[in-house]
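Work out the full structure: start from the sequences and follow the hints.
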Amino acid sequence: MTDQESVLQPVPDTAADDRPVVTENGGLRGGRCQSCGAGSFPRAYICPSCNSTEIHDAELPGEGSLYTWTTVHISPTFATPYTLGYIDLSDGLRLLAQVLAPQEQLRCDLPVRLATSDQSPTGWGFVPVEGATA
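The sequence shown begins at 28 in the numbering used here and counts up by one.
Hints were generated in silico from the structure; no laboratory data involved.
Cβ coordinates follow ideal geometry from the N, Cα and C atoms, glycine included.
It cannot be assumed that every hint is accurate.
[As the list claims (entries may be wrong)] Label pairs and their in silico Cβ distance ranges:
{"id": "1", "residue 1": "R140", "residue 2": "Q36", "range": "36 to 44 Å"}
{"id": "2", "residue 1": "T97", "residue 2": "S144", "range": "13 to 21 Å"}
{"id": "3", "residue 1": "V34", "residue 2": "D118", "range": "30 to 38 Å"}
{"id": "4", "residue 1": "Q132", "residue 2": "T80", "range": "39 to 47 Å"}
{"id": "5", "residue 1": "Q36", "residue 2": "E131", "range": "45 to 53 Å"}
{"id": "6", "residue 1": "Q132", "residue 2": "S76", "range": "26 to 34 Å"}
{"id": "7", "residue 1": "C135", "residue 2": "V49", "range": "19 to 27 Å"}
{"id": "8", "residue 1": "S79", "residue 2": "D145", "range": "36 to 44 Å"}
{"id": "9", "residue 1": "S33", "residue 2": "P108", "range": "47 to 55 Å"}
In structure tokens form, the structure reads like this:
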């Protein structure tokens, strides 16, 4: 092994990526492992399922269901209150995102879809699918 091979190289900073998160088709810009097919959001550089480094840009589904949620009442940065939820995307990936809906509309397994919003500091979040009720 040479000295050059033993030096670890940093991975790119995903927070510095300024491309839009929401794709033109209404999905999420994330990653997909070429080895096992697992999705990641934001795009991972090492697959959380199989440890492969063969991760490529992919469009993830923009719809899913609300697994659980909580409302944040104290925040050092963002206007409160706001709701965060774990969203189970239709392809099986679970992610944490802002939920843009009143508490009384929320329930576990509520169908949700990705939406852009000026209400969210990130510019996007999930809203209930029209016709879905608590």
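Consistency of the hints with the structure:
Between R140 and Q36 the C-beta distance comes to about 38 Å, which sits within the given range of 36 to 44 Å. Taken as a hint, the range 13 to 21 Å holds for the pair T97 and S144, whose Cβ atoms sit roughly 19 Å apart. The hinted window of 30 to 38 Å between V34 and D118 holds, with their beta carbons roughly 36 Å apart. Against the hinted window of 39 to 47 Å, the Cβ-Cβ separation of Q132 and T80 comes to about 41 Å, which satisfies the hint.
For the hinted restraint 45 to 53 Å between Q36 and E131, the CB-CB distance of approximately 50 Å keeps it satisfied. Between Q132 and S76 the C-beta distance comes to about 33 Å, which sits within the given range of 26 to 34 Å. Between C135 and V49 the beta carbon distance is about 25 Å. The supplied range of 19 to 27 Å therefore holds. A C-beta distance of roughly 38 Å is found between S79 and D145, which places it inside the suggested range of 36 to 44 Å.
Look at S33 against P108: about 50 Å separates their beta carbons, and that is inside 47 to 55 Å.
Hint compliance for this structure: every hint is met.
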